[in-house]
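Trainee: If you want the building blocks of each chain, they are given just below.
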Amino acid sequence: MIALGGSRRWPTRLATAIVINAALLTAGCTSSSSPAPSSSTTPTSTPTVTSQSPSPEDLAKKAVLASYDAYWAAQVTSQAHPQKQQDPNLKKYAIAGALADVEATIFLFRNSGIEMRGAPTHSVTVTSIVLSNPPSAVITDCLDSTKWLPVYSATGKSALAPGQSLRVVVDSTATIYNGQWVIRTSIAHRDRPC
Amino acid sequence: MLTRSLLVAAIAAVTLVGPIELAHADGGSVTCPPNRPVCVVVVTKPGAPGTGGGGGPGSNGVPVCKNDLTGMVVPCYDPTWGWWSGKDDCYYQRISPPPPATAPEWAGHYPTGAVYSSICPGVAGTGGGWIWFPNPPPGYGGAGLTPAALAQQAISTMRLQGPAIGMTPSAGKTGLVGLPVWLWTAVTTTTWGPATATAAVPGLSVTAVARAKRIVWDMGDGHAVTCGNPGTQYLESRGAVASPTCGYVYPASSAGQPGSEYLVTATTTWDVTWAGGGQSGDLTVTRTSTTRVRIGELQVLVS
Numbered sequence: 001m002i003a004l005g006g007s008r009r010w011p012t013r014l015a016t017a018i019v020i021n022a023a024l025l026t027a028g029c030t031s032s033s034s035p036a037p038s039s040s041t042t043p044t045s046t047p048t049v050t051s052q053s054p055s056p057e058d059l060a061k062k063a064v065l066a067s068y069d070a071y072w073a074a075q076v077t078s079q080a081h082p083q084k085q086q087d088p089n090l091k092k093y094a095i096a097g098a099l100a101d102v103e104a105t106i107f108l109f110r111n112s113g114i115e116m117r118g119a120p121t122h123s124v125t126v127t128s129i130v131l132s133n134p135p136s137a138v139i140t141d142c143l144d145s146t147k148w149l150p151v152y153s154a155t156g157k158s159a160l161a162p163g164q165s166l167r168v169v170v171d172s173t174a175t176i177y178n179g180q181w182v183i184r185t186s187i188a189h190r191d192r193p194c
Numbered sequence: 001m002l003t004r005s006l007l008v009a010a011i012a013a014v015t016l017v018g019p020i021e022l023a024h025a026d027g028g029s030v031t032c033p034p035n036r037p038v039c040v041v042v043v044t045k046p047g048a049p050g051t052g053g054g055g056g057p058g059s060n061g062v063p064v065c066k067n068d069l070t071g072m073v074v075p076c077y078d079p080t081w082g083w084w085s086g087k088d089d090c091y092y093q094r095i096s097p098p099p100p101a102t103a104p105e106w107a108g109h110y111p112t113g114a115v116y117s118s119i120c121p122g123v124a125g126t127g128g129g130w131i132w133f134p135n136p137p138p139g140y141g142g143a144g145l146t147p148a149a150l151a152q153q154a155i156s157t158m159r160l161q162g163p164a165i166g167m168t169p170s171a172g173k174t175g176l177v178g179l180p181v182w183l184w185t186a187v188t189t190t191t192w193g194p195a196t197a198t199a200a201v202p203g204l205s206v207t208a209v210a211r212a213k214r215i216v217w218d219m220g221d222g223h224a225v226t227c228g229n230p231g232t233q234y235l236e237s238r239g240a241v242a243s244p245t246c247g248y249v250y251p252a253s254s255a256g257q258p259g260s261e262y263l264v265t266a267t268t269t270w271d272v273t274w275a276g277g278g279q280s281g282d283l284t285v286t287r288t289s290t291t292r293v294r295i296g297e298l299q300v301l302v303s
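Chains as they are written, first to last, in the working numbering: chain C, 1 to 194; chain X, 1 to 303.
The set of hints was computed from the structure by calculation and includes no laboratory data. As the structure is a computational prediction, the values presented were derived from the model and not from experiment. There may be inaccurate statements among the hints.
Unchecked claim - Derived, one-sided and incomplete: chain C residues facing chain X with beta-carbon distance under 8 Å: (1) A63; (2) T77; (3) D101; (4) E103.
Stated by the list, open to error - Derived SDA-like pairs: lysine to any residue, alpha-carbon spacing no greater than 20 Å straight-line: (5) K91/C <-> T80/X; (6) K84/C <-> A255/X; (7) K84/C <-> P258/X.
In this text, a Cβ means the ideal position worked out from N, Cα and C, and glycines have one as well.
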């Protein structure tokens with residue numbers, strides 16, 4: 001399980017919160033200076049980071065990230081034991097291409113005597129989110145595979161192809177299926193180190 | 001100065017030691033699963049069914065579930081991925097609950113037909129995804145799947161091999177024209193059997209048993225030896241006598257051969273019987289292994 005606190009840069013999330021709050025503050029200033037008297041409202045107390053209640057977008061982003069974490073955790077367990085049936089959480093937290101790409105990799109490993117050992121780390125943010133129908137979110141991740149490497153199960157020797165960047169950008173999209181945020185696409189750009 | 005008989009014995013003692021190790025093909029190819037962060041090196045497994053020699057799965061004309069990209073037989077049904085379709089080399093499973101009507105995969109057809117999840121390891125560069133069909137794809141639900149086809153699948157899981165060659169002279173040593181050569185295979189499930197495997201899909205299960213019947217040893221000099229047994233492992237204590245079960249004597253040296261070695265090709269014939277789904281059958285498969293041996297002539301020393 002990828003720790004929520006440990007592997008993500010918190011200044012990014014703080015910066016996101018500040019940006020959101022700045023936008024709300026700006027909107028508040030604009031409406032209070034509007035010349036339309038009937039709809040003007042008394043501005044509330046100045047929002048601060050600590051007392052600002054999370055917006056629906058913030059809460060939804062947390063749910064998206066929780067599913068993203070679970071998707072990757074399920075990949076780690078499934079690809080550590082490709083001879084076994086895959087982790088059921090893969091189908092719970094991923095659909096379509098994001099699911100099929102992982103399953104095809106498990107199929108490859110199962111038939112090639114390869115397994116993954118260790119786990120990746122992430123530096124991930126939800127860069128946009130849409131809470132109308134159909135809902136969607138975009139996730140950007142700098143994925144570090146330095147400690148998540150393929151080996152031949154029989155010998156334990158490395159099965160990693162040479163000359164690769166082990167920290168690459170991963171772009172993912174999410175939507176809601178079966179009452180759950182799920183990852184719909186997840187594409188690792190092996191030619192974009194980060 | 002040694003007499004000729006002592007010289008022969010001395011050379012024999014030096015050369016007739018232990019079995020040759022089977023050389024494995026180590027060639028690998030870089031494989032980059034689509035959209036995934038790392039690429040791996042896939043190594044061809046030794047003992048994989050050869051394209052020559054016949055008798056491999058599917059060669060009896062029975063349709064099997066096969067990945068056309070790699071030539072490997074795959075399970076026709078997987079509990080997680082669903083049913084294999086030979087038409088496009090994908091596993092399909094109907095999605096339940098169905099995706100919402102707004103999902104793009106419906107492509108305007110909602111609610112007719114169904115959306116299936118697919119993985120397509122048989123197609124280079126694509127992993128699969130969600131796809132709509134008006135009717136179930138070919139092979140879905142086991143349509144057209146026969147007990148004979150499942151028997152082929154069971155055989156493929158046995159990983160039957162050619163002999164794990166044991167031979168005198170051992171690797172790196174030179175044998176002699178006129179001296180007994182011992183031929184044998186290690187006796188394991190995959191090299192002599194019996195091997196048993198079951199292939200099952202919901203509602204149908206087939207079990208197959210494979211037993212090796214004979215090994216044909218092509219000695220690389222135009223002659224072949226057929227043994228209906230796995231041979232006898234050479235023991236140094238036996239000295240220069242012939243194998244009691246399977247052996248050969250070279251009449252000529254390998255000096256004129258490529259690399260000055262004879263290419264020895266050993267082919268095992270496996271008999272397989274299977275039963276299931278109210279049917280049964282017999283079939284034969286062959287598997288091949290190779291090795292090389294250097295045979296010299298006795299050089300008489302003149303003092």
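Trainee: Run every hint past the structure and note whether it holds.
Mentor: Here is how each hint holds up against the structure:
1. The interface hint given for A63/C is broken, as the beta carbon of that residue sits about 17 Å from the closest beta carbon of chain X, more than 8 Å.
2. For T77/C, the interface hint is violated, the least distance from its beta-carbon to any beta-carbon of chain X being 14 Å, above 8 Å.
3. Interface restraint check: D101/C against chain X, minimum CB-CB distance 4 Å, threshold 8 Å, status holds.
4. Annotation: interface hint on E103/C holds; nearest CB of chain X at approximately 4 Å, less than 8 Å.
5. This hinted pair checks out: K91/C and T80/X have alpha carbons roughly 9 Å apart, not beyond 20 Å.
6. Taking the CA atoms of K84/C and A255/X, the gap is about 52 Å. The hint is violated against a cut of 20 Å.
7. At roughly 46 Å between alpha-carbon atoms, K84/C and P258/X are farther apart than 20 Å, so this suggested pair is violated.
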